[in-house]
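Asker: Read top to bottom, the protein sequences are chains A, B and C. For the first sequence, this note's numbering begins at 1 and goes up steadily by one. For the second sequence, this note's numbering begins at 1 and goes up steadily by one. For the third sequence, this note's numbering begins at 1 and goes up steadily by one.
Think of the hints as simulated: they come from the structure by calculation, not from any bench. Given the structure is predicted, the values throughout are model-derived calculations rather than measurements. It is possible that part of the hints are untrue.
Straight-line distance between alpha carbons at most 30 Å, and here's what the computed DSSO-like set of lysine-lysine pairs gives [what the hints assert, rightly or not]:
id, chain 1, residue 1, chain 2, residue 2
1, A, Lys238, B, Lys176
2, B, Lys85, A, Lys217
3, C, Lys44, A, Lys267
4, C, Lys44, A, Lys349
5, A, Lys125, B, Lys85
6, A, Lys183, B, Lys53
7, B, Lys123, C, Lys12
8, C, Lys44, A, Lys393
9, A, Lys309, A, Lys475
10, C, Lys44, A, Lys274
11, A, Lys238, B, Lys85
12, A, Lys112, B, Lys85
13, A, Lys146, B, Lys53
14, C, Lys44, A, Lys317
15, A, Lys290, A, Lys309
16, C, Lys44, A, Lys351
17, B, Lys85, A, Lys183
18, A, Lys214, B, Lys176
Some chain A residues flagged as far from chain C (calculated, every beta-carbon gap over 10 Å) [as the list claims (entries may be wrong)]:
id, residue
19, Glu224
20, Asp295
21, Asp361
Virtual Cβ for every residue (Gly too), placed ideally from N, Cα, C.
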Amino acid sequence: MKKNWMVLLMGIVLATLLLSACSNEGTSNEADADGGSGEAAAEQVLKIGNDQEPAGLDPHKVPAHSSIRIYEKIYDSLLTFDEDMKVQPELAEKWEQPDETTYVFTLREGVKFHNGREMTAEDVKYSFERIMDEETASIAKSYFDKVESIEVVSPTEIKFTLSEPYAPFLSYVASTNAAIVAKEVVEENGDLNQVAVGTGPFKLDEWLPDNHVKLSKNEDYYKEGQPKLDGVTYLTMKDESARLAAIRTGEVHVTTLSSQSIPLAEKSDGVEIKSYQSTEYSYVGFNVNKEPFNDVKVRQAISLAVDRKEVADVVWKGDAVLSGPIPESMGQWAIDVTQEELYQQNIEKAKELLAEAGYEDGFETVISTASTYPDMVDTAQLLQQQLEAIGIKAEIRQLEWGQYIDTWTNGDHEMLVGRNSSGSDPDRSIGFFFSTEGSANVWGFSDEKIDQLAEEGRTTIDPEKRVEIYNEAQKRVIEQSPNLFLVSPEKFFIVRDSVDNYSPTANEPENFNDVVIME
Amino acid sequence: MFAYILRRLLMLIPVLFGISVFIFLIMKMIPGDVVSTILGTEATDEARRQLEKQFGLNLPIYQQYLQWMGGVLTGDFGVSLRTGKPILGDIISRFGLTLELTMLSAFISWIIAIPLGIVAALKRNTSTDFGVRIISLLGVSVPNFALATLLLLVLSLAFSYYPPAGYVSLFEDPMKNLQMMILPAFVLGTAMAGAVMRMTRSSILEVLRQDFIRTIRAKGASERIVIFNHALKNAMIPILTIIGMQIGTLLGGTVIIEQIFSLPGLGQMVLTAINQRDYPVVQGAVLFIATVFVLINLLVDILYSYLDPRITYK
Amino acid sequence: MKEIMARLKKDKVGIVGVIGVGLVLLLGLFGPWLSPHDSTEMYKEHMLEGPSATYWFGTDEFGRDIFSRVVEGARVSLYVGLISVGIGASLGFVFGLIAGFFQNWVDNLIMRIMDILFAFPDILLALTIVAVLGPNLENTMIAIGIVFTPVFTRTVRAAVIAVKEMEFIISAKAIGVKTHKVIFRHVSPNVLAPFIVQSTLALSGAILTEAALSFLGLGIQPPNPSWGAMLNESRQYMEIAPWIAIFPALFIIVTIFCFNLLGDSLRDLLDPKLK
Chain A
1 MKKNWMVLLM GIVLATLLLS ACSNEGTSNE ADADGGSGEA AAEQVLKIGN
51 DQEPAGLDPH KVPAHSSIRI YEKIYDSLLT FDEDMKVQPE LAEKWEQPDE
101 TTYVFTLREG VKFHNGREMT AEDVKYSFER IMDEETASIA KSYFDKVESI
151 EVVSPTEIKF TLSEPYAPFL SYVASTNAAI VAKEVVEENG DLNQVAVGTG
201 PFKLDEWLPD NHVKLSKNED YYKEGQPKLD GVTYLTMKDE SARLAAIRTG
251 EVHVTTLSSQ SIPLAEKSDG VEIKSYQSTE YSYVGFNVNK EPFNDVKVRQ
301 AISLAVDRKE VADVVWKGDA VLSGPIPESM GQWAIDVTQE ELYQQNIEKA
351 KELLAEAGYE DGFETVISTA STYPDMVDTA QLLQQQLEAI GIKAEIRQLE
401 WGQYIDTWTN GDHEMLVGRN SSGSDPDRSI GFFFSTEGSA NVWGFSDEKI
451 DQLAEEGRTT IDPEKRVEIY NEAQKRVIEQ SPNLFLVSPE KFFIVRDSVD
501 NYSPTANEPE NFNDVVIME
Chain B
1 MFAYILRRLL MLIPVLFGIS VFIFLIMKMI PGDVVSTILG TEATDEARRQ
51 LEKQFGLNLP IYQQYLQWMG GVLTGDFGVS LRTGKPILGD IISRFGLTLE
101 LTMLSAFISW IIAIPLGIVA ALKRNTSTDF GVRIISLLGV SVPNFALATL
151 LLLVLSLAFS YYPPAGYVSL FEDPMKNLQM MILPAFVLGT AMAGAVMRMT
201 RSSILEVLRQ DFIRTIRAKG ASERIVIFNH ALKNAMIPIL TIIGMQIGTL
251 LGGTVIIEQI FSLPGLGQMV LTAINQRDYP VVQGAVLFIA TVFVLINLLV
301 DILYSYLDPR ITYK
Chain C
1 MKEIMARLKK DKVGIVGVIG VGLVLLLGLF GPWLSPHDST EMYKEHMLEG
51 PSATYWFGTD EFGRDIFSRV VEGARVSLYV GLISVGIGAS LGFVFGLIAG
101 FFQNWVDNLI MRIMDILFAF PDILLALTIV AVLGPNLENT MIAIGIVFTP
151 VFTRTVRAAV IAVKEMEFII SAKAIGVKTH KVIFRHVSPN VLAPFIVQST
201 LALSGAILTE AALSFLGLGI QPPNPSWGAM LNESRQYMEI APWIAIFPAL
251 FIIVTIFCFN LLGDSLRDLL DPKLK
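Here chain A stands alone, though its shape is the one from the complex (with noise of 0.2 Å):
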């Protein structure tokens, strides 16, 4: 008897199984076919598969890009960056700048925050003295050390003075991390985690860790008629496998992958691959402090012994181009390595130069990467061969997250194989980290002329001027190699037919406002 209900149960099990499988199928089929029929969907909800759970959402305090994709939707900063990084209106309708160390800010009237009060001066005021708080331990504080004063002139008017001529100023101000926060919610809530009010075209509904982040349409969105959506949901999918699968069977409607698993989506039916030259390269840091990495033919030898055409096709499939210390991305910032002469493989001259800082026989080192990105841990391998060809022996160190953050952050490394992002102003791929006081040089690098420099761009308004300085800087800094610049990647998006309007941008990869469902 029993055995007859073991039977029975497992049967229940493999209908159940077999049925779900059916059902769905009927579902996804349904979307497929209706694909291009041209009328907008009854459910207007994006469904993203989310390949990593924000760390937070405090525009002011948080930099995880994980975070960031999210609290851009909720908020909205004075300005903005267009295509070519150039600084654009956003909640400030236009801005003037009477001298060098002036900028008055005057703001858009009728801009609601989501909990229905409009935006003035003063909240433009609290933000950014809520940033430049030491006890807020916010990132973006440093940014505006150089702030002297702000007056709110009327309610819709707003000065800043500064102590110096501060060129990265207003790339700053359009900073995601730079966002106008209202002041009675942060008081009434101590921080910004729990809740979110900003004035941007989403707001936040729910988050629940591990699971998904909701947001819903701002219905008083400063931007007629936008968002055309009436939510975006981002579900946590940390699986890549899992994230092809959803997306194949339309189970959501955009979601990332990594280069190897693009193709495997090029085949799917019902999907297209959105692709942008994302702002970010990939590089080898040194410790400039360590034998032989002192010495700085040695850090050429080693650059010339690189191959990078191969890091993009073996690590990015091909889909990533070289960079220097400014990616392509950032427009006409950026200067043409190809041609520089220590981006070339050259493995003979490479020997020449680790002769001659007295080091023939080549010597022992570690690879230190982050085993939280495949790429870094591929493209060490992949650099730990090609240097085994001038007698360079690298072990490769793999790092969880928080330990390579430590390790970056106390310069306890040899060689650091690592991805940056190159934020939005020259200043942070120069100064920031190359400067002699940047606060992210942990290669222990000085060198005069890069700091006269970082200073010159720092204090020359001029955007012709500026560009010229950062040419001669990018230069000098890959001829003094503390970094070797590799690639800059190209990042896709996976998105269904059904979605309409959507055209991922390095400055802005994720904007939804235009974005519809199709049948």
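Guided by the hints, dock chains B and C onto chain A, whose structure is given.
Answerer: Chains B and C in isolation, oriented as in the chain A frame:
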């Protein structure tokens, strides 16, 4: 009996205390702290110091422990350093998922393993026995992340099927919930089935050899009655032990499957928190899992004595 | 022992296990002489090629020869298995012996510590230990070894206590013989049976745990191949280049399967109740 349970419960106190100290210290020993992981490459010394102060990480280590433990003892597990969410509420809602997944996997493993175990025992040393043993061992031998990846791949390519995304609990939407849970439970269940099968087989073999079964047989009872009414009942004890142990292990051991199937369970909670060095979350969740684990073991021991009157406890 | 061997011969399932384990061990021992290529050499003009006469099992995303990697992986995986079980078993033996022998506060202390370790889910414990020590081959083995220690400790302790209660020990005590010598002499053979079974099964557990750690990015470091790491890296290629996944998977499955078969039949053979 009551005194025994009470004594066992009292013995849990030092163990749980030890666990809390162990997990607290080990989290402090992991290189890289929560401040580094939050600030990443944007860290300045100023911001670091400020956050350390806010999180109380500048206090002496024993004070940090006492503060945390003091909170836990009064039912306050604190809030996550990353999300600001209260930890206990999160643990409880995730426990629901993990418990359901565990029970479902255990259930699937039983319906595969117990019938097979009975058959194998009855046909001991025949080719049926060998066949059953080989099949059930195969399930244990496949790394479950490989099986899960393969399953998702095959289902999505061949049947265009993917379990519904975005977890909902059993109470919100039972049908959707079951669709999400059945695949991961199947993967976990096949891995557990091997051990349950062999335990069933050997327990039945042992029971069948005992005198009382011979007596029943001699009285002319049919084989079916012998097996189901008598042998199985007595064989349940060791089977129950192994099931209890497996449930305990699964509570935190489903982490990989949760990740592949995007389920926000306890395992994911601990894993994410370890990666982010979210100390109070790891500490709270691990302490919770360990407590449930030791309680389940205790429960199994008690059931044991209930099912087998020969066992007495001093 | 002879009797066991004789009975093992009759157990067909067990024999399959013995042969399988033997073959895998041989592969691990003599692998380097078998493999036609260097396991870390990248033949970049041959990336992601299917099995061929030159590359018997095909090549991976870097153009490395999978056959050579699988063979090398046998060494790594078996090494991890043997050493980590060795660590767990020796620690367990020492602690179990001490605990069982004294049966006082020392016993209590050891067993409570084991309870603490035991209450942690295996994978989370291994993960945390690796996170503290840093991920590499040695630390992976230490972590897995620690995870297995409580099981071995319990097994040995139970056996010691059983021996102590045997009649001849009690009578030896009565006539004033130094009991600990007698106990040690008798503990070994009594502990051996469960110990062997436990070890065989733990071996397969260790290989699987290493694979799981690899999945979580905390296993053996590249470019050295362990089967687990290979299988994890191959997940992205299961569809376009299934051979990358199939071969390491096959070897893991067969190896663990054989260890389990062997452990299983040894358990039946050594269990006095099932004679």
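Asker: Compare the structure with each hint and give your call.
Answerer: Going down the list of hints, with the structure as the test:
1. Between lysine 238/A and lysine 176/B the alpha-carbon distance is near 21 Å, which keeps this suggested pair within the 30 Å criterion.
2. Among the hinted pairs, lysine 85/B with lysine 217/A is consistent with the structure: their alpha-carbon atoms are about 24 Å apart, no more than 30 Å.
3. With a CA separation close to 24 Å, the supplied pair lysine 44/C and lysine 267/A stays within the 30 Å bound.
4. For the suggested pair lysine 44/C and lysine 349/A, the alpha carbons sit about 23 Å apart, so the restraint of at most 30 Å is met.
5. Taken as a hint, the lysine 125/A and lysine 85/B pair is honoured in the structure, with Cα atoms around 28 Å apart against an allowance of 30 Å.
6. For the proposed pair lysine 183/A and lysine 53/B, the alpha carbon gap of about 24 Å is at most 30 Å, so the pair holds.
7. Distance hint between lysine 123/B and lysine 12/C is fulfilled; the C-alpha atoms sit about 15 Å from each other, no more than 30 Å.
8. Proposed proximity of lysine 44/C and lysine 393/A is supported: the alpha carbons are some 20 Å apart, at most 30 Å.
9. As the CA atoms of lysine 309/A and lysine 475/A are separated by approximately 20 Å, the hinted pair is consistent with the 30 Å bound.
10. Using a Cα cut-off of 30 Å, the hinted pair lysine 44/C and lysine 274/A holds, with the two alpha carbons roughly 28 Å apart.
11. Proximity of lysine 238/A to lysine 85/B is assessed by CA-CA distance (about 21 Å); at most 30 Å being required, the pair is judged to hold.
12. Among the hinted pairs, lysine 112/A with lysine 85/B is consistent with the structure: their alpha-carbon atoms are about 27 Å apart, no more than 30 Å.
13. A threshold of 30 Å between alpha carbons decides the hint, and for lysine 146/A with lysine 53/B the separation of about 25 Å falls inside it, so the pair holds.
14. A hinted pair counts as satisfied when its Cα atoms are at most 30 Å apart, and lysine 44/C with lysine 317/A qualifies at roughly 12 Å.
15. A C-alpha spacing of about 28 Å is found between lysine 290/A and lysine 309/A, which places the hinted pair at or below 30 Å, so the restraint holds.
16. Our distance criterion of 30 Å between C-alpha atoms is met by lysine 44/C and lysine 351/A, whose separation comes to about 23 Å.
17. Of the pairs offered as hints, the one joining lysine 85/B and lysine 183/A holds, with about 21 Å between alpha carbons and a cut-off of 30 Å not exceeded.
18. The hinted pair formed by lysine 214/A and lysine 176/B meets the criterion: a straight-line CA distance of about 19 Å does not exceed 30 Å.
19. Distance check on glutamate 224/A: its Cβ is at least 44 Å (rounded) from any Cβ of chain C, clearing the 10 Å threshold; non-interface status holds.
20. The claim that aspartate 295/A is not at the interface with chain C holds, since no C-beta of that chain comes within 10 Å of its own (minimum 27 Å).
21. For aspartate 361/A, the non-interface assignment is confirmed: its Cβ lies about 21 Å from the closest Cβ of chain C, beyond the 10 Å cut-off.
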